[in-house]
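Chains as they are written, first to last, in our numbering: chain A, 1 to 213; chain B, 1 to 219.
Calculated directly from the structure, the hints in this document are not laboratory data. Keep in mind the model is a prediction, meaning the values are calculated, not measured. All C-beta atoms, glycine included, are put in the ideal place defined by N, C-alpha and C. It cannot be assumed that every hint is accurate.
[Said to hold, decoys possible] With a straight-line Cα cutoff of 25 Å, these simulated BS3-like cross-link-like pairs (lysine-lysine) come out: (1) B:Lys204 to B:Lys181; (2) A:Lys121 to A:Lys89; (3) B:Lys96 to B:Lys181; (4) B:Lys204 to A:Lys89; (5) B:Lys204 to A:Lys121; (6) B:Lys202 to A:Lys121; (7) B:Lys181 to A:Lys121; (8) B:Lys181 to B:Lys202; (9) B:Lys96 to B:Lys77; (10) B:Lys181 to A:Lys89; (11) B:Lys77 to B:Lys94.
[As the list claims (entries may be wrong)] Derived coverage of chain A by chain B (criterion: at least 3 residues anywhere in the stretch with Cβ under 8 Å from a Cβ of chain B; other residues may be distant): (12) 124-137; (13) 186-198.
[As the list claims (entries may be wrong)] Simulated DEER-style distance windows between Cβ atoms: (14) A:Pro195 to B:Asp182: 23 to 29 Å; (15) B:Phe146 to A:Ser204: 36 to 42 Å; (16) B:Asn25 to A:Glu68: 42 to 48 Å; (17) A:Glu194 to B:Gly17: 46 to 52 Å; (18) A:Ser204 to B:Pro100: 51 to 57 Å; (19) B:Asp187 to A:Gly200: 20 to 26 Å; (20) A:Asp211 to B:Asp164: 35 to 41 Å; (21) B:Arg93 to A:Cys47: 37 to 43 Å; (22) B:Asp198 to A:Pro141: 47 to 53 Å; (23) A:Glu28 to B:Phe146: 31 to 37 Å; (24) B:Ala13 to A:Glu187: 18 to 24 Å.
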Amino acid sequence: MNETQPALTSQERDELRRQGVLLTSLEELYNWGRSHSVWPLNFGLACCAIEMIAASMAKFDIARFGSEVFRPSPRQADLLIVSGTVTKKMAPHVVRLWNQMPEPKYCIAMGACAISGGPFKQGYNVLKGIDRFIPVDIYIPGCPPRPEALLHGLVQLQEKIRGQALTGPEAPRHLRSDDACDCPVPELGAHDIEPSHAPGVWSSPSLVRPDKG
Amino acid sequence: MDTVEHVRERLLARFPGAEVTVVPNGSPAGQHSLLISAAHALEIARYLRDEPGLAYDQCSNVTGIDWRDREVIDIVKDSQPGAPGGPPVVVERKVKRIEPGYLEVVYHLYSLARREGPVVLRLRTGNRSTAVSVPSLTPVWRSCEFQEREVFDLFGVVFTGHPDLRRILMWDGYQDHPMRKDYVEPDDYEWEPTPHGDVLTKAKRHYPAPTAPGMTNDE
């Protein structure tokens, strides 16, 4: 298929579907299957985990989106929901769990603490966001986010999965051979975790003060 | 209701050699406490628990306090010979001295049997650096175990006789004691939109240096 000019535009495809003709591509079928069977890791850190559990129960029913199979082993999980405060003592274990998950894998940073450290950001013992060590796909703000917000984040993740190409530079990590999948695990040092962030994953944003030019 | 004076009298009657001091609390709550010497702490604790008239069978809370070295100004009155034939003149002068700091461990005791409490016990270490050990009261009240570990972790008080004295919140290789007042936290400030207070002080250290004359970062 010509990459620049698809044989069938999405409008034409939708029109055909309305007429009862199903035309699809391997990529679409593959991503459709993947996006509706995202298995999260059975893993919670703080009060956000309570909301995550609520989302998996009957009232909010994450099973509607194919994600009810919370796996107790990282080897069987597709999605790491970092639900809660990541203390510096816990950070190496979270990164190790991430490294143990097979590709393709995705990460949701749920709640203010997992995004930035939240109310504990300026403390001595809390990681200032799990994205310092793990590439995060979806950020869900809130303290804690409601189960609906987690479901919305999951739907956003499904959109992202559906948009992933199987070939080319936009392909996900597991389909590219040049990309290292393992994140460096921080060490627990004498005064702080070392390093304080993974160099390849995250870099400190440059500080621009508009009022100072 | 047991008053601390009442408890102190009973302790002194039982242990004549012990030092038991009432530390008054000036707040409206008036929750005075008993400072006991480390040498007699364990037998005093056993007596408080086992004596039927006291029966303080529950230790609900163990916490630590870090008292830094502080400068005390004493006013000394000297009498100097005044004018010939006159009375001596009293001259006041201020003498500064450094009162050494110490670490303090506070225990809150309740008697479930007698529905009494709390009795607040205090133990003090010799200083903040070398003599930082006090006897552990875990053999008397089992509930002290984790809380004494926490005081050990965050303040650096070494409890002699503790069955399992390890760090409980921070990791084993950690070397600092974060609740000490002179603790320096790792310099990992990150930008915040509206810093204030201590965070603003930290933020100022991390703003880029002024590049042009007249440009300051002091806001």
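Now the hints, each set against the structure:
{"no.": "1", "hint": "B:Lys204 to B:Lys181", "verdict": "holds (21 Å)"}
{"no.": "2", "hint": "A:Lys121 to A:Lys89", "verdict": "holds (15 Å)"}
{"no.": "3", "hint": "B:Lys96 to B:Lys181", "verdict": "holds (22 Å)"}
{"no.": "4", "hint": "B:Lys204 to A:Lys89", "verdict": "violated (28 Å)"}
{"no.": "5", "hint": "B:Lys204 to A:Lys121", "verdict": "holds (17 Å)"}
{"no.": "6", "hint": "B:Lys202 to A:Lys121", "verdict": "holds (13 Å)"}
{"no.": "7", "hint": "B:Lys181 to A:Lys121", "verdict": "holds (20 Å)"}
{"no.": "8", "hint": "B:Lys181 to B:Lys202", "verdict": "holds (17 Å)"}
{"no.": "9", "hint": "B:Lys96 to B:Lys77", "verdict": "holds (14 Å)"}
{"no.": "10", "hint": "B:Lys181 to A:Lys89", "verdict": "holds (22 Å)"}
{"no.": "11", "hint": "B:Lys77 to B:Lys94", "verdict": "holds (9 Å)"}
{"no.": "12", "hint": "124-137", "verdict": "holds (count 3)"}
{"no.": "13", "hint": "186-198", "verdict": "holds (count 6)"}
{"no.": "14", "hint": "A:Pro195 to B:Asp182: 23 to 29 Å", "verdict": "holds (26 Å)"}
{"no.": "15", "hint": "B:Phe146 to A:Ser204: 36 to 42 Å", "verdict": "holds (37 Å)"}
{"no.": "16", "hint": "B:Asn25 to A:Glu68: 42 to 48 Å", "verdict": "violated (56 Å)"}
{"no.": "17", "hint": "A:Glu194 to B:Gly17: 46 to 52 Å", "verdict": "holds (51 Å)"}
{"no.": "18", "hint": "A:Ser204 to B:Pro100: 51 to 57 Å", "verdict": "violated (42 Å)"}
{"no.": "19", "hint": "B:Asp187 to A:Gly200: 20 to 26 Å", "verdict": "holds (22 Å)"}
{"no.": "20", "hint": "A:Asp211 to B:Asp164: 35 to 41 Å", "verdict": "violated (55 Å)"}
{"no.": "21", "hint": "B:Arg93 to A:Cys47: 37 to 43 Å", "verdict": "violated (59 Å)"}
{"no.": "22", "hint": "B:Asp198 to A:Pro141: 47 to 53 Å", "verdict": "violated (25 Å)"}
{"no.": "23", "hint": "A:Glu28 to B:Phe146: 31 to 37 Å", "verdict": "violated (55 Å)"}
{"no.": "24", "hint": "B:Ala13 to A:Glu187: 18 to 24 Å", "verdict": "violated (56 Å)"}
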